[in-house]
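There are 4 protein chains.
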Amino acid sequence: MIKVALIGAGRIGQVHSANIVAHPESRLVAIVDAFPEAALSLSEKTGAPVKTLEEVMADPGIDAVVIGSATDTHADFIELAARSGKAIFCEKPVDLSLARVQACLKVVEECRVPLLVGFNRRFDPNFAAVRNRYQQGQIGKAESVLIVSRDPSPPPVSYIQRSGGLFRDMTIHDFDMACYLVDEPVVAVTARGSCVVDPAIGEAGDIDTAVVTLEFASGALGTIVNTRRSGFGYDQRIELLGAEGMLKAENQLENTVLLANEQGTAVANPQYFFLERYHAAYKAEWAHFVDVALGRAQCLSGGKEGEQALRLADAAVESWTTGKTVRL
Amino acid sequence: MIKVALIGAGRIGQVHSANIVAHPESRLVAIVDAFPEAALSLSEKTGAPVKTLEEVMADPGIDAVVIGSATDTHADFIELAARSGKAIFCEKPVDLSLARVQACLKVVEECRVPLLVGFNRRFDPNFAAVRNRYQQGQIGKAESVLIVSRDPSPPPVSYIQRSGGLFRDMTIHDFDMACYLVDEPVVAVTARGSCVVDPAIGEAGDIDTAVVTLEFASGALGTIVNTRRSGFGYDQRIELLGAEGMLKAENQLENTVLLANEQGTAVANPQYFFLERYHAAYKAEWAHFVDVALGRAQCLSGGKEGEQALRLADAAVESWTTGKTVRL
Amino acid sequence: MIKVALIGAGRIGQVHSANIVAHPESRLVAIVDAFPEAALSLSEKTGAPVKTLEEVMADPGIDAVVIGSATDTHADFIELAARSGKAIFCEKPVDLSLARVQACLKVVEECRVPLLVGFNRRFDPNFAAVRNRYQQGQIGKAESVLIVSRDPSPPPVSYIQRSGGLFRDMTIHDFDMACYLVDEPVVAVTARGSCVVDPAIGEAGDIDTAVVTLEFASGALGTIVNTRRSGFGYDQRIELLGAEGMLKAENQLENTVLLANEQGTAVANPQYFFLERYHAAYKAEWAHFVDVALGRAQCLSGGKEGEQALRLADAAVESWTTGKTVRL
Amino acid sequence: MIKVALIGAGRIGQVHSANIVAHPESRLVAIVDAFPEAALSLSEKTGAPVKTLEEVMADPGIDAVVIGSATDTHADFIELAARSGKAIFCEKPVDLSLARVQACLKVVEECRVPLLVGFNRRFDPNFAAVRNRYQQGQIGKAESVLIVSRDPSPPPVSYIQRSGGLFRDMTIHDFDMACYLVDEPVVAVTARGSCVVDPAIGEAGDIDTAVVTLEFASGALGTIVNTRRSGFGYDQRIELLGAEGMLKAENQLENTVLLANEQGTAVANPQYFFLERYHAAYKAEWAHFVDVALGRAQCLSGGKEGEQALRLADAAVESWTTGKTVRL
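Chains as they are written, first to last, in the numbering used here: chain F, 61 to 388; chain Y, 61 to 388; chain H, 61 to 388; chain E, 61 to 388.
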């Protein structure tokens, strides 16, 4: 059994709190949020008391923290928790600056605490099955991977302004997925992007549509196709092609109902966004963290993975701005 | 908030206990089981104390009971609970004898307590969507319904011997679903059956494969296709054809992964059996019962529905044995 | 190479004429039709001359006839062609009267000419694959078969009046398919039907919606689900369930395009009717007839098959009117 | 009616000869091939006489030529036919050298003869439907297009050596499709490639796996994913995403049959290669050429389109070798 403090009571914090409560080996014992109302509201739902960050860090009865606060607080809170000897679950990214990430991970390493960086898609049952079946040799050596990753609709421009840009905010999940699936070092990154969904995104210095090509050490190629707006839901698919076949994970649809009439046949859309699509993934991710915190499993998504994905995002930014392939 | 006693701590009781615990407006306060070990084991998992049936019935602090014990105890326990003023959630069937069902429902009516009979499929989001969209007029007047309902593999013969036979044990869900979807009285039942899966089932006096044709008041026809063994999982599909189109609910698959190679393309099977397939249905069913117990909703699956489905099952038995269509 | 006369230049005759012309081993050498305009029009398209029935039968240079004229001429023309020593391809049915069919087949047998009765669906590549894979043992012994067979929209009442009724006109294809797939004698037929699509069909003494249950010698059950109006196209599917798995043939869709937007995802309907859906089947059927006429293959769909299907249709009529299972 | 000479009696020539023969307004009147045996064999099948190139060009009774001979003869034969006043259907590419293409097209223009360059995929009913529905405004303005284009297995290295390389031989179809769908000028090309399927392809100076990113004038992005070996058939899919939705064309499968058992559910693979997959496209392409030759339609796939696709292929080669985005 681990006792857990949740730092950040917003949308993603609420997802985690439900999983913490439902897991037979974790207990939610504290809620921290810069906005007292958010903390109080979640406290009422869960019965866990509101505490300050200082109280949490000082309390030796708290085994683990879940950090779901604003991105620019992640690295600081990780260091604080590491120095307090807590097991750490932190939403991605550790930080938008690679140097800051590296410094932070050094602290974690010195303190010898477990750290799970929330690349939730690694725990999606479909994507995990693709990886596992690849590792079992079902398709021979990987030769290419295609990741289609489209959000249903763009976030507010205010979010985009502090997001680190599309490559660091959105594509970072796909960089991680590509590495997770192909399981080889990336040696080159080529990225193209444009702003066609909303000019306000371009005015904020960002893009809303992008294509990234990854080259892996063996020569295998990866393709990531992104947009901030699919219009029809969260389009999340992967195709891993090997020497002896292809493993593919399709979208999860909202339901299995179809309507056929003179006009045609209508089926359900993909589940709308990440809360629905990755519901099972968040649950499995939490179960994995409990295993890690209790020393029963090696972390599948640690600081190194977070650093690696950010490094690829930085390379994509460079490639996009220079029009050149960036070798790593 | 309702306080709930669970009677029957077996497989289906455990499904309900999880839903009772997870629902914000219900609390599991007692567990009853004829087998002390089963009761204790579930008590340890949930923290709810083991009690006797008498204690539960006598305790005015207990608002509702969930009856998931052996079929031949259902009617007695319903009457006991009704006379104790509890809201009642009982697994189907109320009883295998229509006369006993009618006597039992009379008691429930006299005691004016809510009774939900567990036709879980009514709460499946896909099937419920078919019904709702039909009610909204999306396909005009219903002209026929096809229900394919195949178990993955047959139960033990010992189960079959006390099951009431395929029509009363298995098809009963499909009778209920046909009525729920078409929403008209059934005026005739024609049934054919045979034993081709396992001769031991035939020796027990039962069949393992069946086709039932229902005639509704408007002339609409219903077809139910059953087998105790699909071999590939729980095959649960419906097609409701109306004057202006068809609504169809397909199987839920185990995952969205496919493998393509020289030999062909392999996709996942339907979810294996009812615990997986109707996971969401059981959850929604419990939420509906809480609403009913708190007086916020009319019961969608009461005693009348249970009686009606059993009446159709009895007619199917008669039709199967006589080779004649049975008019109701 | 066979030289072929086409008797009947209507819609189905035109389908056959195209296949005769395209096949490298058949040549269309005569067209016969009671309506001179129909004959002339097809003659102009194909270059084959218009002839009278007598000319065709008397011409020893004509090896084979294709009979696609009105149903009530089939048996007479078959006998005429048999006595003239021609190989015969005749659209189903040989006749609506079982006695007439038997008399006609006797003539064919005496004349020792090949006769193919046009159960085109036997030659559909998908259905043929189901049969072949079953024969290869891919699913063990058949335990049940489900045939969904829905026309897109009802024919004119004038057609229905002389059609022999739904069971003899429409279901006859499904009776044949069930026998073709399960490959066992049918021992009992149970049929229910109603008129819900169009009252004018009922006034003509027919039904537009039906369910038939077949019992095979081994105990395997067959289900046929029919309607004259699906509203969304030609719904033609089969599911053959065996002891070790299920073979299923889905509909062929009009195209592979889908449109996804906020309202949902729209895909194509099944191909609209038999000319599109069974395009490949008609072609394969003709190729098979050429093989039969040239003595290179045993006929897969002869007079016996036509007689058997009609016998089942007659039994269905009896069951429907008496409300009893008919044993054969 | 047009009278047609076929130049090149190989595999693709045979596809065209069948369509020429089957079309009511075209007649095959001559076959030319450098290999007399190939010409004779096709002559026997079709009844059309073998002739020399000179005879064909000199014969004023021949209206049109179909050029399906070796790539390095295309430009010469086009010029010859143009100067002889024939309507010209030529397989892609006109030539592997852009300068040679431009010179050749100049001759065609001066001679004012129709030229159709065989980008067969433009005539695929699925892809054409995507284009037409986009043009009708079904998804708003295009923002990105994804083309997955995978051959089932690599051609012999001898073919690769004289193919012009993957971008000019294989991707050229996808460049053309991207332009056809998005219908805007391409302003930049970025390409990455590698050799992972067969080292012999690399030794021949070519790649077998590639990803190309196209930037269109409006900012819309195109992605092309290629490999010489899928292992499971001809993987040919497109996704055109617009401001208001997505149009997608999926693969055509070999059949509609599935087998479900304990091991899972097996469905058919995509049709194996271009002869099957683009069967309908070749037929529609020929019908279009007849319309063009008879002056009834504007050519949908002329010399300009051929030149444009080659220009993009050249840019892809440059981008791949320099590691830089090439602006056009």
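Just so you know, these hints were derived from the structure itself, not from any lab.
Hints are supplied without guarantee of correctness; some may be wrong.
Pairs involving identical chains hold if they fit within one copy or between any two copies, as the list cannot separate such chains.
Unchecked claim - DSS-like mimics (lysine-lysine), calculated; alpha carbons at most 25 Å apart, straight line: (1) LYS364 to LYS343; (2) LYS308 to LYS343; (3) LYS201 to LYS105.
Hint by hint, here is what the structure shows:
In this assembly of identical chains, LYS364 and LYS343 lie within 25 Å of each other by CA distance solely inside one copy; the values are 22 Å within and 39 Å between copies. When the C-alpha separation of LYS308 and LYS343 is checked against a cutoff of 25 Å, the pair qualifies only within one copy, where the shortest distance is 22 Å, while the shortest distance between copies is 30 Å. In this assembly of identical chains, the alpha carbons of LYS201 and LYS105 never lie at most 25 Å apart, being 49 Å within a copy and 45 Å across copies at closest.
In this structure, only the earlier hint numbered 3 is contradicted, and the remaining ones agree with it.
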